[in-house]
Each structure stands twice: as C-alpha cells, then as structure tokens.
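A.B. asks: Chain order of the listed sequences is A and B.
Per my numbering, the first sequence starts with residue 1, numbered consecutively.
Per my numbering, the second sequence starts with residue 151, numbered consecutively.
By construction, these hints were calculated from the structure, which means they are not laboratory data.
Hints are not guaranteed to be accurate.
Some chain A residues close to chain B (C-beta under 10 Å, calculated; not the full set) [unchecked claim]:
#	residue
1	R15
2	N32
3	D36
4	T37
5	A42
6	I47
7	L58
8	A74
9	D77
10	C95
11	T119
12	C132
13	Y135
14	H136
15	L143
Just so we're clear, the structure is a prediction, and the values are computed from it rather than from any experiment.
Quick reminder that beta carbons are idealized off the backbone N, C-alpha and C, glycines included.
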Amino acid sequence: MSVNGTDQQHDIEPRTLLVHYLREVVGLTGTNVGCDTSSCGACTVLIDGESAKSCTLLAAQVDGRAVTTIEGLAPGDGTLHPMQQAFHESHALQCGYCTPGMVLAAVSLLDETPAPSETEVRHGLEGNLCRCTGYHNIVKAVLAAAGEAS
Amino acid sequence: MTVTDETAATEATGVIGTRRLRREDPALLTGEARFVDDLDLPGQLWVGCVRSPHAHARIAAVDVSAAATADDVVAAYSGADLSDRWAAPLPCAWPVTDDMKNPAHQPVAVGKANHVGDIVAVVVGRSRYAVADAVEQVVVQYEPLPAVIDLEEARSDATVIHEDLGTNVSYTWELIPDPPAVDAAFDAATHTVSERYVQQRLIPAAMEPRGVVVVPEPFGGDVTIYSATQIPHILKVMAAITLGLAEHRVRVVAPAVGGGFGSKLNVYAEEIICTALALEHGVPVRWTETRSEAALATIHGRGQIQDIELAADADGKVSAVRVKLLADMGAYLQLVTPGIPLLGAFLYHGVYDIPAYSFSCTSVFTNMTPTDAYRGAGRPEATYAIERAMDALARAVGVDPAEIRRRNYIKPEQFPYASPAGLEFDSGNYEPTLDQALELVGYEDLRAEQERRRAEGSTKHLGIGLSTFVEMCGLAPSRVLASLNYSAGGWESATVRVLPTAKVQVVTGSAPHGQGHETSWSMIVAERLGIDPDDIDVLHSDTAVAPLGLDTYGSRSLSVGGTAVHLATEKVLDKARLIAAHQLEANPDDLEYVDAGFQVKGSPGARAEFAAIAFAAFTAHDLPDDVEPNLEAQVT
C-alpha cells in the first residue's frame, strides 16, 4: 500500500490490524488507539481520501490502496494543513490524543460537504470522541476551515 | 505615576490576559507528540494480564505452563510466583482515620480475586499479539463466592470480602461541630426534607488508555518508568516503596499524556508489575491497556448513597443540614480512595447560610473495581445533593427553586464567612450570578413553556435545573492536608533558570496531561521578566529534570504550581537586582524593573538590561562579593 505517498511493502501476520501496521511496522505513531472497537475515532486515517477507523481494519484489507495518516497531512514545508491550523487557532485540542483522528475525520467531512452547517459538522464528527474540549471549539475549527476553503 | 501611565505600562509588557496560541499544539496536531505507547525500544517485552472474570472467587489453582511455552512467550507467572517481589502492597496514601481498615492489595492476586479485572496471572512475551494469545492459555480454577455489589448489603457484613479484616466497613468519619444545635434545628423546623440520592459509579475513560514502559539501565540497577500518569513524582516514591528500591535509583517520566480526569492519579498494579519484570529480565518491559481493561482495572469514580436532610422555617430559610453517606470503596483502597467522599465533607451546605451542620460517611468494600478520584472528586457529589435537596425544599415550601436559593444564599455582607463546616469563604456574591444566569436562559419564558407543555399533556416535557455552587480546589496547604491525614504535602516546586543568553528554563513540579502548562507558565514568567514568552521553555514530568513536585490533580496546578513559578521569578529578579545595583553603582532599593531591565528611579538612562545581567551572572567576572554565579531560583 501507499502510506503518505510512499510505497510500503511488508510481509505481515494476516491478523495485523491496520493501526498496528502503521504504528509498529511503518513506524508512524501519530495514529492513536483509543478504544479498540471503532467507537472513539482516535485511530481515524484516510483511505483513498475517505476517513476510516484503522483499529478494526486488517492491514491486508487495505492492500494496494493509498493511506494518509496525520503525519502526511501537512505540506512538509513547516506549515500546517489548513485544518490543523484551524484547530490550533480555535483551541480545538487539549490533551491532543483524539486530535489526529479528529482532524482527519474533519478533512474527510469537508471533502464530502465543503460548506457544512454547524449541525452537519456535529453530525459528521459523531464517530470521533474527545474528552477534554466539549466539542464546541472543534466544531468552530471545522467551520472556520470550511470558511477558509470556500 | 498617573493612572494612565500605569495602564500604558501594563499594555506594553502585559502577557497575562492576552490571547496566545498554545505551544503544545503543533506536536499534537502533526502526530509528533510521543505518548507512552508510541515508545519503541530494542529488546522490549510485552506484559499481558490474566484478569478474573468473577467478582469474588477463590483461586484454587493457576496453571501457566501452556502459556509459558507458547510461541514468542518468555515467561508466565501466577500471583504466588510473584508474591516475593513486593516489598509492600499497592499504596493507599490517605488513612483517613486511625482505625481505617485497609486490605493488603497485591499487584497480582493470591488466593482470592475480589473484583472482575483483578489480575491473577501475567504473561511476558515478545509482541502485543503474542501475549494476547498467551493470556488465553493460562488456566485458572476459580471457586466463585457470593459477590457483594450492593452498598447496604456490604455494610451488613452478610458476606465479608476481606476475611482478615472481619468487616466490609473501612471507616466511619464524622464532621459534626455542634450536634445539639443540629437536633434543636430539626426539632424547631416547620419544613423538613429527607432525600436519598444514588451517585452511580462511572468509568473515567480518558481518551488515552493507561500504559507503562519500564527501562532498566544496563549498569547499576537504575530503572526508568515511562507511564501515562498524572503523578510522576508520587509514582517514583511509591514504586520505590512497593518494590523495595532505593528511590534515587528510580526515574519516572510522564511523556505526552492523553487526559486523566483523576484516573491517572494513581499507582497501579501494572506499573509495579512491569518494573519488577523489567528488573528481572534486564530488558524494557511494557504494557498498554485495552479499552476493555480500562473499564475493569482503572479506577471508577463516584459510587455513593447520599441521605440528606434539611430543616427549615416557614419561609424556607434553612437552619440545618444533616448528611449521611454510604460510600463504595470497591474491592481495595487505591491511592486516595478513602479520602474522596470526604473532599465533599465541607461543601454539603453549598453556598447557603446554614448554621447547623452534620456530616458523616461510612465507607464499605464491595466486589467491584476500586473507586478513586474522578473530576471534582467528592465535591460535585456534594453539590448535587444539596442542590437537589434545595429543590425538594422549594417544593415543600411552595416557592420557585430560584426563590428558595435567594432566601438562603450567604449574603455579600456576611463575607468573610465562617462556614458551619469550618472553612472560611473569603468572598462571594451569589444572587447577581443567579440573576444573570436566569436572564441569559430566559427563565420566565422557560417556566411558561414548561407549564404550557404540562397543560397540553405534551409527550415532550421540559426540565429546568438550577445549580449554584463553589468548590474547594488546589489541595493545599500542607497543614490542612495534615489535619485530614493526607500523607503528602500540598506544596509545589518551581525553578526559574536564566541561561547565559537570557533564554529561560522553567522547571515545574506539576505534570500536565492536556492542561497547557507550558503555554501558561511561560506567560507567568514573561509577564514579570518583560521578555518574549517564546524565549521561555517549560520543563516538566520527568523526575530527573524536575526532581521535586506533587503533580497535577484537584485543580492545583495553576493555583499552587503557578504561584510557585511566580515566586521563583521574583527570587530571580531579587538576585538580578543586586547584580544590576553593583553594575550601576546604585543602591538596590533605588532600582526599578522596567521593560526587561533595571533602571535607577528618576533617571531611566542609567539601565542594566536583563540580558546583560544574565550574561554577567554567567561569567561571574564582576559580581558583588556575596552573590553566587548564575541566575537561578527554586521555590517550593
């Protein structure tokens, strides 16, 4: 598969979860495991641009596809992706553990719905949990990023 | 100096109160931040925990032989195999009464499992998946016993969980300053209410599960514990005591920590098990909690039955409050379990002027996960009870819940107010706060809407809740904690260290897990030194870097830790003033600190810049006779 634009080829145990493949084989630890059960969204990555929870996918299921993790989101010139920047400016994170998944879910949401209403943002992010912020600033950040893009 | 000048000076150097983006964010937003599970160490071994599926059972036999010989497994241990590794049981640091019952809590249970999730065996292997498989291969024979899960039943001692203690009651603690006054108030009352509220248990569920990686040093027996903890300093002391290690050989690091909410304010079996096994195997040993384990083995919050009574006159003015708690300790006492319900002991009168006060708490063991600190820890429970009881009183008197509060608030002119529970409230003005809240929500309209729905028999009714409260926070000072038998102090440590190039390192003993200490502490120092906050680094959460500290819990970091940072900054400036006076050949008392430099009052041309003082302190070529080199100050 391709991970953040780089081809990756490994022989792995068939039962290897995508999140463990990314973290322990590829060595990209930005994708976090929160619940092991697809409930919390901390492990969200993009597969061919669409958000998916990597803790309940086998790495083998993603063979041949393009995965984007949080490490692959920023352009690489020292600046942040507009969604990361919006989270920063809106104080949309505290402990930051849910943040990589939350940011990628938000990127995927805007890809599908470029100008969402507040309700659509809340609905669109319901698969991602945060325990610190109370969500208000996360919603604000996503709306700000949508405004920026439009 | 005129008022206008003061304002201008504040605007020129003021950092506190300005909006700054958090310096913690970029690493967290890009995945560069390192949480415990992100660490990857050569030769590391994984620990898997075999946990009791029974709430209460005798452990008749543990057979680890199949697990021990499974692929990629290095060793497997029953509780009995490991029992000689512990120099002391897992710690409870809050013996609230002299006769408190505290069962020995072994990291791996021997003989009996006392809650679902109690560890009964551990396996050690070369991968996360290998130990998950091996855990399934450990064969444990249990003889199930009746499980005690009801608090009243626990108090009855029908089934005693810890036979050596002879009872399920851990302690009874009372705060009844004037018992006859309480009785007299109830005798004379026109209205009384008697309510029972059940505070259900809850699972704290920080987003990051717990995790620990213990790295033994190849020489000398030193050991470094990386843990997803709120309390690296307390963990260091307790790991040393529990394992019989010399404390100076133990280093604890809390890397990025993904939330705690009290649940990581503890010393857990897995931290101690991994440390023992890392020392035994001589390689890094690690464990990361699954979410299922978090529900069973990380402490729970709350767990109380609250009986609360109010006595009031005909107008609803409350004359006495009487509270009896039955509190659920769970199967064992964790680090501060017994003290949690007592943190509410001083707050059951809420923000009301209630002269007679009676609080008692009986705490019992059950066959459930131990409880301990969770968000507010004892205090929200108190607020919940008094606020619900005030609503009940409003119904009894026949007035609006807002009105019953107005009639009972401590009045502004009563401050400083000596509370019936023995605390002093220095200031407060509650009624305007309530007024504003009611106005903001359109209270009258909401009540009308509520009435309308009731009259119509609507399928959707409208509930309106009111709550006004204060909380005691900070867990300080040390003397007050001593009076509650708390084993640690209430201080915090801070070091402000000025480097030769006038950059600053702040070392703090509080240990953040999402609060933003680095941003806030840099602002406190920048405000006073008049330098850019970005020129100030904040170091924390590593006992080798910040050896003294009491960590982060109970809303103490800013109030106690932030104050220490401020005081250390003042001490640095005191020393800098002596150096500046020497350089300027002036009396130190004639200097003032303005715009990052000392100048002679009245002649601002004669200045010693902060950067120049920092470098002079470093070179030490020309310091006053009794001044040591370098600019550094520590405060505890």
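A.B. asks: Indicate, hint by hint, whether the structure satisfies it.
C.D. replies: Now for the hints, and whether the structure bears them out:
1. Annotation: A/R15 was flagged as interfacial toward chain B, and the flag holds, the nearest CB pair being 7 Å apart, inside 10 Å.
2. Proximity of A/N32 to chain B holds as hinted, the smallest CB-CB distance being about 7 Å (cut-off 10 Å).
3. With 10 Å as the threshold, the beta carbon of A/D36 comes within range of chain B, its nearest partner Cβ sitting at about 5 Å, so the hint holds.
4. With its C-beta approaching chain B no nearer than about 7 Å, A/T37 sits inside the 10 Å limit, and its interface hint holds.
5. The restraint placing A/A42 at the interface with chain B holds, with a minimum CB-CB distance near 6 Å, inside the 10 Å limit.
6. A least Cβ separation of about 17 Å between A/I47 and chain B goes past the 10 Å threshold, and the interface hint is therefore violated.
7. The restraint placing A/L58 at the interface with chain B is violated, with a minimum CB-CB distance near 13 Å, outside the 10 Å limit.
8. The beta carbon of A/A74 is positioned within 10 Å of a beta carbon in chain B (closest approach about 6 Å), and the interface hint is therefore held.
9. Given the 10 Å rule on beta carbons, the hint for A/D77 is violated: about 13 Å separates it from the nearest Cβ of chain B.
10. A cut of 10 Å between beta carbons decides the hint on A/C95: the least distance to chain B is about 3 Å, and the hint holds.
11. At a threshold of 10 Å, the smallest CB-CB gap from A/T119 to chain B is about 19 Å, leaving the interface hint violated.
12. For A/C132, the shortest C-beta to C-beta distance to chain B is roughly 5 Å, which falls under 10 Å, so the interface hint holds.
13. The closest approach between the C-beta of A/Y135 and any C-beta of chain B is roughly 13 Å, which is over the 10 Å cut-off, so the hint fails.
14. The interface hint given for A/H136 is violated, since its Cβ lies 16 Å from the closest Cβ of chain B, which is over the 10 Å cut-off.
15. Here the hint on A/L143 is broken, as its CB sits about 18 Å from the closest CB of chain B, past 10 Å.
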